[in-house]
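Colleague: If you want the building blocks of each chain, they are given just below.
There are 4 protein chains.
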Amino acid sequence: MVSNLDKICEKINSDKFSKFMGIQLLELREGYSKMAMTVTENMLNFHNMAHGGAIFALADAAFAAASNSHGQTSVALCMNINYRSPANKGMRLVAECFEESLGKRTALYRIEVRSDDGKLIALSQGTVYRKDEELV
Amino acid sequence: MVSNLDKICEKINSDKFSKFMGIQLLELREGYSKMAMTVTENMLNFHNMAHGGAIFALADAAFAAASNSHGQTSVALCMNINYRSPANKGMRLVAECFEESLGKRTALYRIEVRSDDGKLIALSQGTVYRKDEELV
Amino acid sequence: MVSNLDKICEKINSDKFSKFMGIQLLELREGYSKMAMTVTENMLNFHNMAHGGAIFALADAAFAAASNSHGQTSVALCMNINYRSPANKGMRLVAECFEESLGKRTALYRIEVRSDDGKLIALSQGTVYRKDEELV
Amino acid sequence: MVSNLDKICEKINSDKFSKFMGIQLLELREGYSKMAMTVTENMLNFHNMAHGGAIFALADAAFAAASNSHGQTSVALCMNINYRSPANKGMRLVAECFEESLGKRTALYRIEVRSDDGKLIALSQGTVYRKDEELV
Chain A
200 MVSNLDKICE KINSDKFSKF MGIQLLELRE GYSKMAMTVT ENMLNFHNMA
250 HGGAIFALAD AAFAAASNSH GQTSVALCMN INYRSPANKG MRLVAECFEE
300 SLGKRTALYR IEVRSDDGKL IALSQGTVYR KDEELV
Chain B
200 MVSNLDKICE KINSDKFSKF MGIQLLELRE GYSKMAMTVT ENMLNFHNMA
250 HGGAIFALAD AAFAAASNSH GQTSVALCMN INYRSPANKG MRLVAECFEE
300 SLGKRTALYR IEVRSDDGKL IALSQGTVYR KDEELV
Chain C
200 MVSNLDKICE KINSDKFSKF MGIQLLELRE GYSKMAMTVT ENMLNFHNMA
250 HGGAIFALAD AAFAAASNSH GQTSVALCMN INYRSPANKG MRLVAECFEE
300 SLGKRTALYR IEVRSDDGKL IALSQGTVYR KDEELV
Chain D
200 MVSNLDKICE KINSDKFSKF MGIQLLELRE GYSKMAMTVT ENMLNFHNMA
250 HGGAIFALAD AAFAAASNSH GQTSVALCMN INYRSPANKG MRLVAECFEE
300 SLGKRTALYR IEVRSDDGKL IALSQGTVYR KDEELV
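Residue numbers (my numbering), protein chains in the order written: chain A, 200 to 335; chain B, 200 to 335; chain C, 200 to 335; chain D, 200 to 335.
Among the hints, a few may not be true.
Any copy will do: because identical chains look the same in the list, a pair fits if it lies in one copy or spans two.
Said to hold, decoys possible - Pairs of lysine-lysine residues, derived as DSS-like cross-links and limited to a Cα-Cα distance of at most 30 Å, are as follows:
| no. | residue 1 | residue 2 |
| --- | --- | --- |
| 1 | Lys-206 | Lys-318 |
| 2 | Lys-206 | Lys-288 |
| 3 | Lys-218 | Lys-330 |
| 4 | Lys-303 | Lys-330 |
No wet-lab data here; the hints were simulated from the structure.
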């Protein structure tokens, strides 16, 4: 039998932008997700470091996964990102998203992006609006 | 003769992630930039709308262009994004970045992402740290 | 006859924290507010400048006024503030709040805090959740 | 002998706005602070709940204490706040500030504001600019 979380995983894995960016879902639980991405040549900015948009894409993918993990369709309202350390080509980045607070209509998440060796690359907080729709 | 702004334009146009995302620089002045991107199939999320990360990528590219337009290397410290309206496949998005405040060490920008017909898709503010390095 | 906006003004003027901080409502229209506050000795931080919390209080008061100006009870979900210039004792600060986007359930605002002579002290963006309740 | 941290504590305790708001420093270590404030009648907004500005004041006081705890003068650049639960008159709020990342020029903090019984009231992230000045 396929559990609801399995169906949600499948839904999250259907994300085309994540595929395009090489973002992989490593783990999904209710209110938590873990995702990884390797910085490719395509993701470099004009300073030759990982583009802030590429780092954010990983953080946002983890945010979307965790916030939709309860099976209720959730959409991002606001998100911030603090960049703490540059990421280079070839670096494998891991994003973990933690649920800070779950309300009926809104919920708040923390997203950490770290390099393979645990260095903090970027840190985000994001709030979603939770719709009256089931995800799957 | 090639002006400094031309050299900065060239530098900004060397951005690989922007190329990967189909982001085009439309206009660059000191403290201002305008960029465009069309939402492709590759940029859709699992709700089949433009991924927040793709929209942010456009905003961030405009932010990087405007904040580096003075020729002093600038790197993002913090940025927020507020999502106001979903964007669909095929939609052409335009981002404009305005300088709100320019300091010696830091500067603040506003980035608007709008659809072709002027609808507000997302709104950002971002602060950069200005290094003691010339960009070109 | 008392208009609805008059009643909303009265409600906003009943705010005790604004009174405590000496914050005055100068102008209120649907989706817009203007408020002022003078930096007193009580508002200084340990650097002897206006405390970030005091500056934010003014911004937040303007945000609350503008976001409740339609007569629908609105509560802040997320807000950011960027500090751009210090404020000294005796300085009169003016905050203006502009509606960037009004949705059914959420709305987005921009708040500028300036000194009397127009210098940008701080800049904020904030998103409210709009409840199914009338304010007055 | 008076340690440097004692002198920093004394400096932080000289904060006039914190005194005005009844904010108390409970604990200070390098990169960490804990502060408390009781919601008084003066801190209520026009919804008769604790004003967002009053809650932010506590968070900001903790942020200032922790970010200046190394003895290097630090000033806030950007800060966000997410409001998760209302606070009532008489409620005692505790803010804890944790250092997420310490750089030479900038540093990032997380600030939690909770009620006495541990409920999350608000959550913030803030980045400071670290000046070439000693605090004491």
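Colleague: When Cα atoms must be at most 30 Å apart, do Lys-206 and Lys-318 count as within-copy, between-copy, both, or neither?
Modeller: Result: close neither inside a copy nor across copies, 33 Å intra and 32 Å inter.
Colleague: Taking 30 Å as the upper bound on the Cα-Cα distance, should Lys-206 and Lys-288 be classified as within, between, both, or neither?
Modeller: This pair counts as between: shortest inter-copy Cα distance 24 Å, intra-copy 34 Å.
Colleague: Is it within, between, both, or neither for Lys-218 and Lys-330, if the alpha carbons may be no more than 30 Å apart?
Modeller: Only inside one copy: Lys-218 and Lys-330 sit 25 Å apart there, 35 Å across copies, limit 30 Å.
Colleague: Checking Lys-303 and Lys-330: alpha-carbon separation at most 30 Å within a copy, between copies, both or neither?
Modeller: both (9 Å within a copy, 13 Å between copies)
In summary, the structure is inconsistent with hint 1 from the numbered list given earlier, while agreeing with all the others.
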